[in-house]
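*Asks:* Use these hints to put chain B onto chain A, whose structure you have.
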Amino acid sequence: MSTQVARVEEKLFQNRYLVDQGKPHIVVQPHTTPSKNLLAMTKICPAGCYEQTASGQVEITPDGCLECGTCRVLCEPQGDIVWNYPRGGYGVLFKFG
Amino acid sequence: MIEEKFDAIVIGAGMAGNAAAYTMASRGLNVLQLERGEYAGSKNVQGGILYADMLEKIIPDFREEAPLERHLIEQRFWMMTDRSHTGMHYRSDDFNEERPNRYTIIRSQFDRWFNKQVQAQGAIVISETTVTELVSDAYGKVIGVRTDRSGGTVFADVVVLAEGVNGLLGARAGLRPTPKPDHVALAVKEMHFLPRETLEARFNLHGDEGVVIEAAGTISKGMTGMGFVYTNKESISVGFGCLVSDFAENEETPYGMLENFKSHPSIAPLIEGSEVKEYAAHLIPEGGFKTIPELFGDGWVVVGDAAQLNNAIHREGSNLAMTSGRLAGEAIFQVKSRKDPMTKQNLALYKKLLDDSFVMKDLKKYKDMPALLHTQAHNFFLDYPTLVSKAMENFLRVDGTPKIEKEKASVRAFRQKRSLTGLVGDAWRLARAWR
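Sequence order for the protein chains is A and B. 0 is the number of the first residue of the first sequence in numbering that gives the first Met the number 0; add one for each residue after it. 0 is the number of the first residue of the second sequence in numbering that gives the first Met the number 0; add one for each residue after it.
FYI, nobody ran anything at the bench for these hints, they're computed from the structure. Keep in mind the model is a prediction, meaning the values are calculated, not measured. Do not rely on the hints blindly, as some may be mistaken.
[To be verified] The list that follows gives simulated cross-link-like pairs (lysine-lysine, DSS-like), each with its CA atoms no further than 27 Å apart:
id, chain 1, residue 1, chain 2, residue 2
1, B, K338, A, K94
2, B, K140, B, K338
3, B, K276, A, K42
4, B, K220, B, K402
5, B, K179, A, K42
6, B, K220, A, K42
7, B, K4, B, K402
8, B, K179, B, K232
9, A, K35, B, K140
10, B, K220, B, K232
11, B, K179, B, K402
12, B, K366, B, K220
13, B, K179, B, K4
14, B, K289, B, K343
15, B, K402, A, K94
16, B, K338, B, K179
17, A, K35, B, K220
18, B, K115, A, K94
19, B, K115, B, K289
20, B, K276, B, K115
In isolation and in its complexed conformation, chain A is listed as follows (with noise of 0.2 Å):
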């Protein structure tokens, strides 16, 4: 069973966001090499929110964000990252949840 290649992006698709614009909840904190966890992050997040630049650094875009808090358990208490729950109403809406 070889593993199947997923497109997040399909499956974030399908869910509703209220995006709180210019208000990412998510912030990396400036670093010239990424942590390992950090790193890990652009494969774990299940919602592919981690990405990593031509130049090796980690970048988020929280748009996409199912507000699960993988990211702050592995980041935060190393302060690679700044982590708070979108403003009350924005975010993801879970339909079913």
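*Replies:* Here is chain B on its own, set in the frame of chain A:
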């Protein structure tokens, strides 16, 4: 935001928060409940199975109105390799009882209903409001909360933290640690819709009967994790989860693991032709008894997932949440009725009630299981499923080989993979952790 001071503020409108708010409001306490979602349930994710008994203790006649999907008459446990599954099924007509024991539910619908019952008991519920921090007095007693609304500070005698597994408030206030990567599992889930008749034919169901499949084995690639398939009225919840620490180490994508699970030859035919309408992710507290934080203090208690109250072995989360919420509500009501202050000493009653309940007794029973499953993940999730599958195939495939030789081959395979000491050791460790 609101000038008056409340008897209690409940943060969150999930199972634990709703249970706590309902219990207190129905006993006449002045309760404010704050929810960051658009409505109660819009941020909540669960597999989701509801255990009737725990809700019955809060709302005895919930079956008359609650949005329930299917009552469960069959459970399948599947041990999987990439191409096979060895299953244990239990199906009983006794589960077709007048007051069924377990149901599948859809959380955003269920929580919305539950929260309406809370409001009917007189609690004030304000949604679309994120609580940003706890407010304490000079002595460190929690006296209220600050929210993201303008002028959004509200006060109460006690704050019930029902903020979920990823609750920030308790951690920020230093009341409990942020969960560790090996104490939480990340699960992803899709909602697959099918015509009701198709679904019922595929799963051999009539009316509102439902089936649950829990599957573990090589599908988690040696990580501690499992997949599930739950039948709803006209949809199937399909999910997959592994410990966050395992995901981080193996760098597998959660959605890739879910796709793998969905394409397994035992799963694919069940969901074939379905329309996917939502994709969700959620953390599940898996650390068990040893990771339960301090549950109460001056002016606060913590309930549900935020307190790591989840029984991973029996896959019970929401019923521990409901029970802890109810008991916290009862304890607060008792302290209040005596006109006593909400001090740490007085709120210890909540812990006492919880210790006397199944919640702590069950979690204590399995206190060694999380660590065992984690450290022995390779054996339990890769080697044994492969060996069992091979033994089953040996047993069933008729090819002229004498049965005694087949039996010997199966035993040999087990002993080669895991020495006799290893096998006995694993059995012993499992039995001890289970006891």
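*Asks:* Can you give the numbers of the hints that this structure goes against, from lowest to highest?
*Replies:* Checked against the structure, the hints that fail are numbers 1, 4, 7, 8, 9, 10, 11, 13, 15, 16 and 19, while the rest are satisfied.
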